[in-house]
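With these hints in hand, go ahead and build the complete structure from the sequences.
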Amino acid sequence: DAGVIQSPRHEVTEMGQEVTLRCKPISGHNSLFWYRQTMMRGLELLIYFNNNVPIDDSGMPEDRFSAKMPNASFSTLKIQPSEPRDSAVYFCASTLNLYEQYFGPGTRLTVT
Amino acid sequence: EDQVTQSPEALRLQEGESSSLNCSYTVSGLRGLFWYRQDPGKGPEFLFTLYSAGEEKEKERLKATLTKKESFLHITAPKPEDSATYLCAVQGYPHQGGSEKLVFGKGTKLTVNP
Numbered sequence: 002d003a004g005v006i007q008s009p010r011h012e013v014t015e016m017g018q019e020v021t022l023r024c025k026p027i028s029g030h031n032s033l034f035w036y037r038q039t040m041m042r043g044l045e046l047l048i049y050f051n052n053n054v055p056i057d058d059s060g061m062p063e064d065r066f067s068a069k070m071p072n073a074s075f076s077t078l079k080i081q082p083s084e085p086r087d088s089a090v091y092f093c094a095s096t097l098n099l100y101e102q103y104f105g106p107g108t109r110l111t112v113t
Numbered sequence: 009e010d011q012v013t014q015s016p017e018a019l020r021l022q023e024g025e026s027s028s029l030n031c032s033y034t035v036s037g038l039r040g041l042f043w044y045r046q047d048p049g050k051g052p053e054f055l056f057t058l059y060s061a062g063e064e065k066e067k068e069r070l071k072a073t074l075t076k077k078e079s080f081l082h083i084t085a086p087k088p089e090d091s092a093t094y095l096c097a098v099q100g101y102p103h104q105g106g107s108e109k110l111v112f113g114k115g116t117k118l119t120v121n122p
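Each protein sequence line maps, in turn, to chains A and B.
For what it's worth, this note's numbering labels the leading residue of the first sequence as 2, then goes sequentially.
For what it's worth, this note's numbering labels the leading residue of the second sequence as 9, then goes sequentially.
For the record, the hints were derived by calculation from the structure and aren't laboratory data.
Please note that the accuracy of each hint is not assured.
What the hints assert, rightly or not - Computed beta-carbon distance windows for the label pairs: (1) P122(B) to N52(A): 33 to 39 Å; (2) K50(B) to L97(A): 18 to 24 Å; (3) S60(B) to Q18(A): 22 to 28 Å; (4) P122(B) to E63(A): 26 to 32 Å; (5) R69(B) to Q18(A): 44 to 50 Å; (6) G29(A) to P16(B): 34 to 40 Å; (7) P82(A) to A85(B): 28 to 34 Å; (8) N31(A) to R69(B): 30 to 36 Å; (9) Q18(A) to E64(B): 46 to 52 Å; (10) M40(A) to K76(B): 29 to 35 Å; (11) Y101(B) to F75(A): 28 to 34 Å; (12) P82(A) to S27(B): 43 to 49 Å; (13) Q81(A) to E66(B): 43 to 49 Å; (14) K65(B) to G43(A): 20 to 26 Å.
Ideal Cβ placement from N, Cα and C applies to all residues, glycine included.
In structure tokens:
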């Protein structure tokens, strides 16, 4: 099993630019989660999907953040426009029936 | 609101020196308590799920235990390769006032010196 796949692994962009992070969950898993990790706040849930439907987006910090899951094998997290305070590591995780989650390697985002 | 507090924030051990990490939690109806290991530059790696008080699970030098208020991750005779950040998370039942989302603690950074 390839595990959860995320791309890109590293992203450096300038303030105001659009950033799109991508995730491919483990095949057969029916729930997908987007997290953000920083030293100050630890691991925070941004949004999660169940069977491709967004269930809880209360962790999305602002309207600048949006997420989609057009099918069971792909999800995107978009930040538009990006700001320096968005710099963090973004993780995608997937699970079957909301039990143990399996995380991807993360995308390290730096906004200058 | 579900909460998780991990202690200590950081722990340094000598190789072979056993110790325990603590995870205190409050949750409305515990569905599961999860332990993860995270190495620098990587995503959290799943270790254990505990479902009810009194349950224990083991994997190599690690043993996780659970009570109604806290969980311990016991590390027996650790080796340098056990150095990592260990994360604890809880999941509740929505119909009992909890949340099916995982709520993570800030983690314990373990360093094992040779």
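Tested hints:
1. P122(B) to N52(A): 33 to 39 Å: Taking Cβ atoms as reference, P122(B) and N52(A) lie about 48 Å apart, which means the hint is violated.
2. K50(B) to L97(A): 18 to 24 Å: holds, 22 Å
3. S60(B) to Q18(A): 22 to 28 Å: violated, 48 Å
4. P122(B) to E63(A): 26 to 32 Å: violated, 46 Å
5. R69(B) to Q18(A): 44 to 50 Å: holds, 46 Å
6. G29(A) to P16(B): 34 to 40 Å: Given about 38 Å between the Cβ atoms, the range holds.
7. P82(A) to A85(B): 28 to 34 Å: violated, 52 Å
8. N31(A) to R69(B): 30 to 36 Å: holds, 34 Å
9. Q18(A) to E64(B): 46 to 52 Å: holds, 50 Å
10. M40(A) to K76(B): 29 to 35 Å: With Cβ atoms ~31 Å apart, the hint holds.
11. Y101(B) to F75(A): 28 to 34 Å: holds, 30 Å
12. P82(A) to S27(B): 43 to 49 Å: holds, 46 Å
13. Q81(A) to E66(B): 43 to 49 Å: holds, 47 Å
14. K65(B) to G43(A): 20 to 26 Å: holds, 24 Å
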